[in-house]
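Chains as they are written, first to last, in the working numbering: chain Z, 2 to 353; chain V, 2 to 353; chain U, 2 to 353; chain W, 2 to 353.
No lab work stands behind these hints, which were simulated from the structure alone.
Certain hints may be false.
You can't tell identical chains apart in this list, so a pair holds if it fits in one copy or across any two.
Straight-line alpha carbon distances no greater than 30 Å define the calculated DSSO-like cross-link-like pairs of lysine-lysine that follow [stated by the list, open to error]:
no.: 1; residue 1: K317; residue 2: K252
no.: 2; residue 1: K33; residue 2: K207
no.: 3; residue 1: K3; residue 2: K268
no.: 4; residue 1: K231; residue 2: K291
no.: 5; residue 1: K231; residue 2: K317
no.: 6; residue 1: K76; residue 2: K33
no.: 7; residue 1: K350; residue 2: K44
no.: 8; residue 1: K33; residue 2: K291
no.: 9; residue 1: K64; residue 2: K285
no.: 10; residue 1: K6; residue 2: K231
no.: 11; residue 1: K317; residue 2: K3
no.: 12; residue 1: K33; residue 2: K231
4 protein chains.
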Amino acid sequence: MKNLKIGILGATGAVGQKFIRLLEGHPWFTIKGLGASERSAGKPYHKAAHWIEDIELPESVSKIEVTQCDPEHFKGIDFVFSGLDSSVATEIERSLAEAGIPIISNAKNYRMDESVPLLIPEINPDHISMIESQSFTEDGNGWIVTNPNCVCVPLAMSLRPFYDFFGIESVIVTSMQAVSGAGYPGVSSLDIMGNVVPHIGGEEDKIHTEPLKILGALGDANKITLADFKVQATAVRVPTIEGHLLSVSVKLRNEPDHIDDIHRAIKEWVNPISEYDLPSAPSKPIHLYKQPCFPQPRLHAGREGGMQLGIGRLRKDSIMDISYLALAHNTIRGAAGGAILNAELLAEKGYL
Amino acid sequence: MKNLKIGILGATGAVGQKFIRLLEGHPWFTIKGLGASERSAGKPYHKAAHWIEDIELPESVSKIEVTQCDPEHFKGIDFVFSGLDSSVATEIERSLAEAGIPIISNAKNYRMDESVPLLIPEINPDHISMIESQSFTEDGNGWIVTNPNCVCVPLAMSLRPFYDFFGIESVIVTSMQAVSGAGYPGVSSLDIMGNVVPHIGGEEDKIHTEPLKILGALGDANKITLADFKVQATAVRVPTIEGHLLSVSVKLRNEPDHIDDIHRAIKEWVNPISEYDLPSAPSKPIHLYKQPCFPQPRLHAGREGGMQLGIGRLRKDSIMDISYLALAHNTIRGAAGGAILNAELLAEKGYL
Amino acid sequence: MKNLKIGILGATGAVGQKFIRLLEGHPWFTIKGLGASERSAGKPYHKAAHWIEDIELPESVSKIEVTQCDPEHFKGIDFVFSGLDSSVATEIERSLAEAGIPIISNAKNYRMDESVPLLIPEINPDHISMIESQSFTEDGNGWIVTNPNCVCVPLAMSLRPFYDFFGIESVIVTSMQAVSGAGYPGVSSLDIMGNVVPHIGGEEDKIHTEPLKILGALGDANKITLADFKVQATAVRVPTIEGHLLSVSVKLRNEPDHIDDIHRAIKEWVNPISEYDLPSAPSKPIHLYKQPCFPQPRLHAGREGGMQLGIGRLRKDSIMDISYLALAHNTIRGAAGGAILNAELLAEKGYL
Amino acid sequence: MKNLKIGILGATGAVGQKFIRLLEGHPWFTIKGLGASERSAGKPYHKAAHWIEDIELPESVSKIEVTQCDPEHFKGIDFVFSGLDSSVATEIERSLAEAGIPIISNAKNYRMDESVPLLIPEINPDHISMIESQSFTEDGNGWIVTNPNCVCVPLAMSLRPFYDFFGIESVIVTSMQAVSGAGYPGVSSLDIMGNVVPHIGGEEDKIHTEPLKILGALGDANKITLADFKVQATAVRVPTIEGHLLSVSVKLRNEPDHIDDIHRAIKEWVNPISEYDLPSAPSKPIHLYKQPCFPQPRLHAGREGGMQLGIGRLRKDSIMDISYLALAHNTIRGAAGGAILNAELLAEKGYL
């Protein structure tokens with residue numbers, strides 16, 4: 002039985018709150034430290050945070066005193082989750098890693114670093130060994146593992162079976178993204194109620210690049226060779242609360258003979274971590290819906306604790322080869338939940 | 002000064018109401034007949050219709066007695082607008098046309114008929130002459146002109162400049178459609194609030210075919226040669242009230258050298274009906290937004306009385322050639338307003 | 002350990018679906034019969050129903066063949082839940098009761114019948130004995146118990162402590178009601194998105210009368226003496242999915258000296274069924290929020306499985322005596338969940 | 002023909018933008034100065050403001066250079082509208098008034114000042130003479146007139162006829178307020194989508210007091226005697242864009258014999274400024290809806306340019322005397338539009 006003491010960086014923000022919610026009652030991890038900005042430091046968590054989750058703030062966390070995010074406050078902690086804002090994550094995460102503290106980060110700052118795994122346990126678990134090429138400490142005790150952007154998670158997960166069966170040449174995606182993706186207070190109600198905003202700053206660049214690393218091949222010396230396809234993204238904000246829905250078209254390298262072959266790619270895909278029985282792992286990471294009106298953010302983003310990817314309307318495309326819709330819970334599967342699953346796999350494999 | 006007596010078929014439905022609203026105070030057309038189903042016939046309009054527009058029901062229309070949609074009730078009418086449901090439009094529109102009554106229809110039933118213009122005045126005004134190949138009456142007095150589906154209007158309008166300058170090979174589009182497109186009561190609030198429904202029955206087929214006719218070339222004997230490109234569509238419902246927003250990627254036949262060439266295609270496009278000064282015509286049918294967050298359905302669908310197409314985020318695409326967002330007011334530009342503009346052009350050209 | 006076979010009337014509707022969802026895995030009750038209209042009869046449930054819940058349709062129910070709602074189809078069933086539409090409930094519920102089948106009904110039809118309990122287990126559990134005055138069958142095996150309207154549940158629950166401590170003279174309430182209260186498809190998205198509809202047909206009459214029965218005193222011969230106060234209601238529809246929020250002002254018979262006395266009324270109120278440990282009973286039926294912005298439908302309606310009443314902003318009123326907000330999940334606490342709790346109490350007390 | 006040069010204070014905020022929109026093409030007033038904070042000063046307006054209105058930013062305003070709000074920048078201006086935030090309005094408005102510049106303010110700061118009119122032209126036009134008791138300048142050229150809070154406008158307007166006919170003893174109101182009332186960015190989408198927030202900081206105090214001044218009697222020396230009734234308010238935020246909807250119950254001093262008497266109070270109420278033909282004045286300031294589902298924010302808040310009050314469901318109340326719904330456009334009638342009408346009346350009466 003694992004029993005690890007953990008800290009959360011950026012604990013008062015929207016991602017930090019989701020970490021706290023998802024970790025309540027976790028069988029392996031116990032929250033012992035909560036880091037936030039100078040403004041919050043010194044206050045008990047329930048006073049420092051404007052709690053926005055729809056469950057009650059767990060009592061076990063409510064009275065923990067929030068500290069700043071320096072290494073000295075996280076001594077004795079086995080590892081930290083980082084929900085830091087990208088404006089401060091580079092410095093803070095490095096300083097903790099250099100102090101020998103492993104970091105499971107949701108921040109974007111180190112995602113494309115060539116020694117840092119951009120990890121989705123069911124998709125590229127072998128990338129974990131990249132940790133060994135990191136040099137934050139001499140003894141290798143301090144390291145960083147990241148999870149991808151909240152659109153890249155459903156995109157990479159849905160592409161994996163097609164990539165393995167057919168190869169991929171190019172991907173065109175329009176992502177319809179929920180307001181929770183912008184944090185709190187995030188998107189103004191005046192901007193989004195009854196509306197769609199056709200641009201999300203900085204998002205499309207991530208969608209163009211992260212999937213190529215996630216699906217990249219691990220080679221000698223733990224280096225990644227990026228996957229060799231192109232992604233073109235249009236990221237828009239829609240008035241949904243949770244769940245990014247992607248309209249995806251894919252050009253394959255080897256054209257499938259029949260739509261059944263495409264469905265088979267999904268059905269025959271093997272979840273490489275199913276043997277481990279990790280606490281947050283969905284029993285079925287990818288679900289293919291047959292009903293034409295599914296998946297829907299409000300109904301299906303929360304399936305399997307928000308950790309299941311939904312694919313719908315998988316069909317032949319007259320221009321590319323296949324088109325489909327993909328849905329994942331952006332703040333669980335695409336953020337805090339994904340990071341927790343990363344930590345569980347790392348713990349299972351003995352890194353924690 | 003034109004002064005025409007007009008009727009409206011399907012007058013109590015959502016499209017019929019939009020016709021009434023837009024025709025209030027129209028300088029050329031005066032409503033004289035209102036046709037609806039048997040259930041409504043015999044009642045004054047204000048009792049027959051559940052008025053859902055945000056202006057007061059015009060008094061001039063309020064007391065008109067609703068009739069059934071047979072030809073005898075529309076004698077003495079110069080022409081009718083049809084907002085009929087597709088389940089009844091085939092029979093009714095034919096019977097009126099055969100009785101010598103011109104029909105400007107929003108229904109889909111005759112759109113792909115090879116003798117029926119699928120008309121957008123700024124895009125394919127020459128198609129009007131197809132009327133002459135119709136044979137509903139011997140004297141040619143009864144005929145049908147249609148306007149396209151509410152997604153095909155912004156799609157075809159936005160493609161026209163690129164088609165003329167570069168040629169088009171293929172088009173991939175994800176259309177994010179407002180609830181008003183489904184009529185009233187239409188979409189259940191439980192289905193769409195805080196949600197996206199990734200399928201709209203029958204919609205994608207229209208998007209795959211109608212643009213090819215709209216951009217087709219009029220040849221001998223008033224026959225259309227369909228435009229030679231492919232369209233692949235994903236149509237989803239989003240919680241907006243008015244305004245369909247399209248995420249479009251286009252493969253051109255002649256690749257532009259530079260993004261400026263693409264912008265020039267829009268800027269140098271010439272509106273072929275600007276000379277006529279039609280009452281419902283927008284002064285600028287296509288507006289290219291420079292702000293990355295524009296156009297937005299709630300803010301921009303109503304520009305120029307809901308008759309202006311908005312294009313935004315026009316950019317080079319790494320896979321196709323260009324990508325952009327297109328927005329049009331679905332129940333005005335994409336339905337009743339488009340039909341009224343069709344009638345104005347037909348009147349201007351002497352067909353009415 | 003109880004082990005009862007149950008049926009659901011109106012199983013394909015929104016309330017019926019909620020029954021199925023809430024009964025999945027219930028320790029005492031197992032679904033054996035599903036009744037619906039002639040149109041659905043003969044089909045397996047998954048084909049008869051348009052499933053709208055956000056969990057997967059339970060497999061155990063999916064293949065049950067739907068029947069009509071006559072008694073012969075429910076032989077061998079221990080009791081039925083009724084989610085019938087009021088247009089058919091009078092006849093069907095009577096016919097089953099006369100056939101000796103106990104009915105736990107969410108329909109309004111028998112709520113104000115003088116022999117039928119209008120039951121909220123924590124509020125008026127003694128009213129159960131009214132069953133004994135029913136005469137559907139000679140042996141008393143067939144009877145009807147109802148739960149109140151979805152606004153009356155939070156209203157009566159919140160009034161109970163004040164009624165007991167101070168007496169009540171009059172109540173003014175504005176109820177802001179979620180769209181799920183109108184069933185499916187229910188409220189049109191065009192009516193409610195970004196809007197408030199200031200009238201809900203038939204709703205206010207129930208709010209004026211049902212609380213007086215719920216808080217009425219059980220007297221000789223199991224007759225209820227209605228509570229002696231007046232209620233004035235304004236019921237409006239707001240764009241929320243689940244959770245009716247009530248703005249309530251109450252004139253008390255004995256004016257409290259201090260706001261603390263009012264808070265004490267809530268705190269010292271004793272839950273009369275806490276001893277029974279019923280599976281669906283909330284551990285804390287009434288929660289008093291201290292944060293001025295709470296309770297909110299989206300965050301708090303689902304607390305304790307949707308069975309907890311939330312009260313917020315309890316304060317002195319300058320005109321009446323006290324004012325507060327009350328919130329309850331309308332389709333769980335105010336409908337299916339309330340009915341299930343009624344059944345659990347009836348089973349515990351030996352009526353089932 | 003009046004021709005006045007005007008300035009706008011707080012020009013870049015949500016209220017300031019509404020002033021600009023409503024004043025575009027105004028026959029009497031021309032925008033000559035735009036004041037904002039230090040951060041915006043020196044920039045042309047189109048760069049200083051994040052324009053959120055659904056019309057294009059008027060060209061005439063777009064290039065005006067924004068200045069700070071000191072008197073020197075508004076020399077030569079005939080008067081200013083103030084849309085200043087309350088955190089800065091006290092100082093700035095006083096300094097301009099002392100510099101001899103008349104101020105028509107939407108800010109709350111001077112509303113309850115005993116020499117400042119809290120003006121609704123149709124309700125208390127005689128209060129204008131309070132200006133004469135102000136002492137900002139010796140010559141009386143600098144003065145302040147305010148318009149009421151956006152809930153108090155529909156409340157006071159709807160109460161006026163009943164106050165005149167029957168007298169009022171007390172008023173209980175639940176106001177369901179649109180997000181635009183909180184400015185921009187204002188309410189977070191995560192707080193309000195599919196939700197109701199049962200508290201709006203500071204709002205209820207204004208509702209308790211402002212109506213008493215608005216309906217107060219002007220006595221000797223231009224002093225107001227406050228109206229002698231009590232108001233108890235519950236202010237909640239609902240997911241509407243524009244239009245505050247109030248659920249109101251009123252105890253009258255003289256009980257009406259019949260509901261017809263109440264309706265007559267509305268019908269026989271005489272608009273005291275109808276003679277003036279002010280550009281922004283609605284032809285019918287108060288409209289009584291007969292349809293039980295009206296008025297609705299999305300459909301009716303914009304009637305008569307957003308300047309008409311809607312009253313619906315006027316009925317006898319079993320506890321107070323009458324109950325009804327009242328609706329007004331909060332950022333037009335309840336803010337910028339109301340201030341403009343104030344200015345028009347003041348100009349008409351020779352104060353400007």
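Practice task
Up to 30 Å between alpha-carbons, please classify K33 paired with K291: within, between, both or neither.
Solution key: For K33 and K291, the Cα distance is within 30 Å only across copies (27 Å; inside one copy 44 Å).
Practice task
With 30 Å as the alpha-carbon cut-off, assign the pair K64 and K285 to within, between, both or neither.
Solution key: between (36 Å within a copy, 22 Å between copies)
Exercise for the section: Indicate which option fits the pair K3, K268 if close means a Cα-Cα distance not exceeding 30 Å: within, between, both or neither. Expected result: neither (33 Å within a copy, 41 Å between copies)
Exercise for the section: If the cutoff is 30 Å on CA atoms, where do K33 and K207 land: within, between, both or neither? Let me know, please. Expected result: neither (32 Å within a copy, 45 Å between copies)
Handout entry: Same-copy or cross-copy closeness of K33 to K231 [CA-CA at most 30 Å]
Key = neither (43 Å within a copy, 52 Å between copies)
Exercise for the section: With 30 Å as the alpha-carbon cut-off, assign the pair K350 and K44 to within, between, both or neither. Expected result: So K350 and K44 fail the 30 Å test inside a copy (36 Å) and across (50 Å) alike.
Handout entry: Alpha-carbon proximity between K76 and K33, which holds within one copy, between copies, both or neither at 30 Å
Key = within (10 Å within a copy, 58 Å between copies)
Exercise for the section: Give the relationship of K231 and K291 under a CA distance limit of 30 Å: within one copy only, between copies only, both, or neither. Expected result: Result: close both inside a copy and across copies, 28 Å intra and 26 Å inter.
Practice task
Give the relationship of K6 and K231 under a CA distance limit of 30 Å: within one copy only, between copies only, both, or neither.
Solution key: neither (41 Å within a copy, 57 Å between copies)
Practice task
Pop the pair K231 and K317 into one bin, within, between, both or neither, using alpha-carbon distances up to 30 Å.
Solution key: Intra 19 Å, inter 14 Å, cutoff 30 Å: intra and inter.
Handout entry: Up to 30 Å CA-CA - K252 versus K317, copy category
Key = So K317 and K252 pass the 30 Å test inside a copy (10 Å) and across (18 Å) alike.
Exercise for the section: Using 30 Å as the alpha carbon limit, work out where K317 and K3 are close: within a copy, between copies, both or neither. Expected result: Answer is neither; intra-copy 46 Å and inter-copy 51 Å both fail.
Hint compliance for this structure: hints 2, 3, 7, 10, 11 and 12 are not met, and every other hint is.
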